[in-house]
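**Student:** One letter stands for each residue in the lines below.
There are 2 protein chains.
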Amino acid sequence: MTQTYQVIGTRPIRHDGIDKVTGRALYGADFHAAGLLHGRIVRSPHAHAKIAKIDVARALALPGVEAIATSADLPDAANRMANLGEGAINLSHLSSNCLARGKVHYRGQAVAAVAAVNGHIAEEACKLIQIEYEVLPCVTDVVKAMQPGAPILHDDLVTESMAAPRSQAELGNEKRQPTNIAKHLQYKLGDSAKGFADAAIVIEKSFNTATVHQGYIEPHNASALWNADGTLTIWCSTQGAFTVRAQVAELLAMPIAKIKVVPMEIGGGFGGKIRVYLEPVAAVLSRKTGKPVKVLMDRAACFEATGPTPGSYIKVKVGADKTGRITAAEAYLAYEAGAFPGSPIWAGCVCIFSCYDIPNLLINGYDVCVNKPATSAYRAPGATNAAMAMETVVDEICEKLKIDPLDFRIKNAAKEGSRRADGPVFPKIGAIETSEVAKSHPHYKAPLTKGTNPAFPRGRGVASGFWFNIGLKSCVSAGVNGDGSVSLVEGSTDIGGTRTSIAMQLAEALGIPVKDVKPSVGDTDAVGYTDVTGGSRVTYATGWAAFDAAKDIQRQMIDKVAGFWKVAADDLVYEAGTVKSKRDVSKQMTFREIAAEAQKHGSVIVGRASVDPPWPGGAYAVNIVDVEVDPDTGKVNILRFTAIQDVGKAIHPSYVEGQIQGGSVQGIGWALNEEYVYNDKGAMTNASFLDYRMPTALDLPMIDAVIVEVPDPKHPYGVRGVGEVPIVPPCGAIANAIYAAVGVRMDVLPMSPPRVCKAILAKKN
Amino acid sequence: MTQTYQVIGTRPIRHDGIDKVTGRALYGADFHAAGLLHGRIVRSPHAHAKIAKIDVARALALPGVEAIATSADLPDAANRMANLGEGAINLSHLSSNCLARGKVHYRGQAVAAVAAVNGHIAEEACKLIQIEYEVLPCVTDVVKAMQPGAPILHDDLVTESMAAPRSQAELGNEKRQPTNIAKHLQYKLGDSAKGFADAAIVIEKSFNTATVHQGYIEPHNASALWNADGTLTIWCSTQGAFTVRAQVAELLAMPIAKIKVVPMEIGGGFGGKIRVYLEPVAAVLSRKTGKPVKVLMDRAACFEATGPTPGSYIKVKVGADKTGRITAAEAYLAYEAGAFPGSPIWAGCVCIFSCYDIPNLLINGYDVCVNKPATSAYRAPGATNAAMAMETVVDEICEKLKIDPLDFRIKNAAKEGSRRADGPVFPKIGAIETSEVAKSHPHYKAPLTKGTNPAFPRGRGVASGFWFNIGLKSCVSAGVNGDGSVSLVEGSTDIGGTRTSIAMQLAEALGIPVKDVKPSVGDTDAVGYTDVTGGSRVTYATGWAAFDAAKDIQRQMIDKVAGFWKVAADDLVYEAGTVKSKRDVSKQMTFREIAAEAQKHGSVIVGRASVDPPWPGGAYAVNIVDVEVDPDTGKVNILRFTAIQDVGKAIHPSYVEGQIQGGSVQGIGWALNEEYVYNDKGAMTNASFLDYRMPTALDLPMIDAVIVEVPDPKHPYGVRGVGEVPIVPPCGAIANAIYAAVGVRMDVLPMSPPRVCKAILAKKN
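These protein sequence lines map, in sequence, to chains A and V.
Numbering-wise (the numbering used here), the first sequence opens with residue 3 and increments by one.
Numbering-wise (the numbering used here), the second sequence opens with residue 3 and increments by one.
The set of hints was computed from the structure by calculation and includes no laboratory data.
Nothing false has been slipped in among the hints.
For chains that are exact copies, the list does not tell them apart, and a pair is met inside one copy or across any two.
Quick list of in silico lysine-lysine cross-link-like pairs, BS3-like style, CA-CA up to 25 Å:
| hint | residue 1 | residue 2 |
| --- | --- | --- |
| 1 | K430 | K413 |
| 2 | K637 | K207 |
| 3 | K413 | K324 |
| 4 | K553 | K584 |
| 5 | K22 | K260 |
| 6 | K319 | K185 |
| 7 | K260 | K602 |
| 8 | K22 | K293 |
| 9 | K568 | K716 |
| 10 | K602 | K716 |
| 11 | K260 | K517 |
| 12 | K404 | K441 |
| 13 | K22 | K290 |
| 14 | K317 | K185 |
| 15 | K568 | K589 |
| 16 | K105 | K683 |
Predicted model, so just to flag it, every value in this text is computed and none were measured.
Let the hints inform the model, and build the full structure from the sequences given.
**Tutor:** Pasting the structure below:
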């Protein structure tokens, strides 16, 4: 049964579009205030060192310098934990990541900050700050960091283990060995040993994947004004204004009531603009000077000192019977947390096998500190590298069993009632449907095209991907204006066009044109608490709030009309943008008429909603990719790329397609080129967009985005969330296509020309 | 029965106080945006003239000039009427008041506007615009303007008469004489001729009062950005962001949905910052240039071209029987509308006799155009000059009948059940109580003090005043934060500390400390429609909305706790900041605990309310004033001033006292010095704060503000509104004190030294 919609499924121009293309939109760096000071950060040149001494005297003496901040200006958070929207965070780590306390754990870590009358003087002053370091040996590889004798980042780090949890009583006074392993997760379903015994084929492979960056165009920024009454206002480009408020409150030991965060427009985040870096620093510089302070990062700082997604070591073992039914799977995942605990290892464990319904599972996951920047979320965090491993192994099983890889995926697909590795049972999901659509897609049926150079082999690969998506809290308010327009305020910052996708859901629920809705994003004082823009949640959860707010408006409109007509509210119904009498349907008032009358008589109508919906069922995607490989250089060209995704319901198909295309492109970059290159001193050697190679339009074909709609049964419009899962399958699909082309199974990311070349040469020999 | 409150009646520091005293608060003129252009206005040097030609070529050629606007850039509103929050307005008049079309009707009227890269170039360019005028004779006095043969401002003006309303059919093709009388109001109660026949004494006097300005410190300003998508954002200092939106929408023939108005902080308004002057001009300059444009007024423009309160001619006739009971009263009020119809004549008619319960009334009011700036609201608009007339006559009756003037007022006071001249019956009001408090006040009982110069006579006067106050629409929203603080957003712009008085009512209703409420003022996209900050309505109506929002939060908190405890919501009650079980009152959760739990589990709590409450009963005030008169110069010194006022309930007594003191001071300025001085060309000759003499601290004693609380029976906290009535009695009280001192009855405002001197001399001769 297909629901018909008036607004949902159409493609109106986004409300913020004109502002952005004409340069009117105000991003964080556009902030200005009278008396504004400019802040810059002094960063560690060492990957691992003790800070022996910081001498700021010469820098402070430079004319135009107004203040210098170090970790001494931040409260010592000791080992206090706080849940700040990204899960529990050790505050002393978060604080040290803003301004290092005692030690630096990665090159580029912030050590001091300067506020001066302009940016040039601030930069000059940074050079005058004299910092004495005692350099320590560093480790930048997850496997090496887990080995005995590895340099230890945190003397007090204790492994938190699901496999062998121990109480303090058990621990007693035991002296535990220093470790870099912050966490050991373990998930089991059934009996994997028995499953492997039942298998006709077992494939086991291990993989190494590099650290990659989100690569958002806009560098981090933060402006702050610490007012004379002790209140703090922060302007920044962030994925979550309320999340920034919570982090700053904890880091500065302030009540959140004292803080207002004003979200400016954001030039991309992809998970990397959730954690604070500059905000508390701008705040203390403002506190010291009594003036507003704006602190900016340059591109190198974005690479070296924000939160990329982790490099990892992953081992996957999968068994299947001769019919192609998976009998068991095991995974070992070691994720680089970077300088401080907190890699997305949980998500890696949850996602690695979730495309499939597997009776016997054993997953061990490790969160491991290394001397790299503290990792952060990046679009389906931890799922892409995990999927690369699993999908390559699945491809090999299909090859060995001579089963079509899409048939294999359909046969083994997770479905309603399947168990996720960490326990939950899936509701209605679209794993089967996406594989079926892939199978019948013209791309999959078409033969590989031939290139102009017959020496360049071509191949096709497929892969699947899963991301769970999240729910969390969202608030909206919606004031009905006298002309029938609606002013919609949402707490979600808008990265990918969600002002429009939320406005569309409100318009649909009210039965009014979407052009009559004026969406805007509120600051933390202006709208109810709303969680971060992440986890593919905004169109899902904030859209749900918009739906509820529309219902609230409907109720109020019915009450108004009941008053106008002097009838009982129960005798009226709201339908298709009108309030009607149930007894005489010819008697009706339109939304616009009610709005105008409400403006004239009595109180006006304001709707609002606050939601914390259940998490959606999760999103599934399948990629079909054709590649051509230059066997001499190892360069891989993407010839054709089809991305099929269950989106639940596409509110605005263009923006859904945009998300699918954007995620695919980021996946392609990760697959083929992107990586942090480190020297043996722990220094990133390619911290610029010139050397850190992201795909450009010239590197890519048109990405064919195929929308599959298996509505989420709980959401009012069936939305599932679309932003993240598109990045999950590309690495695996491209690896499988490379294998199809040149017969080498890549076990490393990125599959850059030298690595592909080396693999081809190794196979030849 | 006295209600006890935790928050109401306390004196917390206003939330915007620190920002204002430290210079951080952003007023309209502080607006900045990249590429900002600066606008200036070319104003008419003539009080009355036809505009023959405007040549902008030379001005446009000046380097740095980017656009020039004239009335040709505004839609011709013909004679379209619109109700824009100040009552019905003729749009062509409002438009012509922004940029003159065809004619100028007062000196200083805006004729053209320039946008340039800086203010200096814009001013230079203004001088280069060549305007040819055909100068017409002008009239600047209300009495002369009503006489046959007076210069006529509007050829098409027809008197709208309540006394002799005529239908179009009656009018037929009759050629009506041109007139400056826009409106004739008439109110009757009983039979005044019979009332006078029953009187033992009848006093009739006439009065002339000058035009006076609100004298707000901050000049008018407006910035606008007309975006490429046809949306318009306006930043300005205004008493009503939604009112600005409505006016601009009508003047530019745009849907309100296309307009966002961002209210900046406001440096005083007193009624003068409701009508738009610069906003539509900034908008069209921005439309022409594609850039943001900021237009500022200087002080002279504020005097000459904004809306002062009218000069007037008033005749009052009052009869009383020998016991001192008023038997009848008649009034004739002619108010200068200024250039366009719209004086507060209605309010003058309604207020002039409303301190008293008078059985027989006849009031005739006239709204008369003269060649002065179009008048606007000014604190109890039209009531002060009316009260001066009535209170002087009452004083003379008391003198003649040898009755104590406060006893007379108590005896004749309006009370519950009395009829207002225009019809409504008063609910519970505080006219008697204020007079009783005055009578027993130490000031009234104390003998007059003696001065150092025995030749300077001293005298004491009393007078009463009434202002009706208003209700209108208000919206608030209030998000509960995880730390138990509440982010309160109100649609009312804050002039006199209403962020605090609204926050206090929310805090009281929730049973939480007011420091836990963070109030802010929303822009027109951020909060539900809210009427203008005026009519003493904000603490009354928006406070009522805050009360309702608190009830909304209470309901949600009860539902939350019911969920936490798995009990029925009906079993719970919200009391004193906690939710309690009705069955076991020891079982309870505090507001803070519920807020924290709601933050952790499920949707957060957001309250909201939209109200359009009934109008309050009205406000009464009594002044006691002691003066000393220098008989040689006529200078009047205020020795002691006591202002007694029924405020219903004082939410924040300090701010109530501040309103009483501020209103009293403005009344004293009006009484003694303030006036527009015109030459015979219709030019104001004192358009600066040097020559337009406002009282300074050195001119004044401490104003003793006495709060009387006769709660408004309908308002949740008994609030009546306090801002306006304090300005009503001072002129009459001072006139009566002067009489007591030197024996002359002043019949003119201001009672400036030359006028008092002249009156003393006239009496001597």
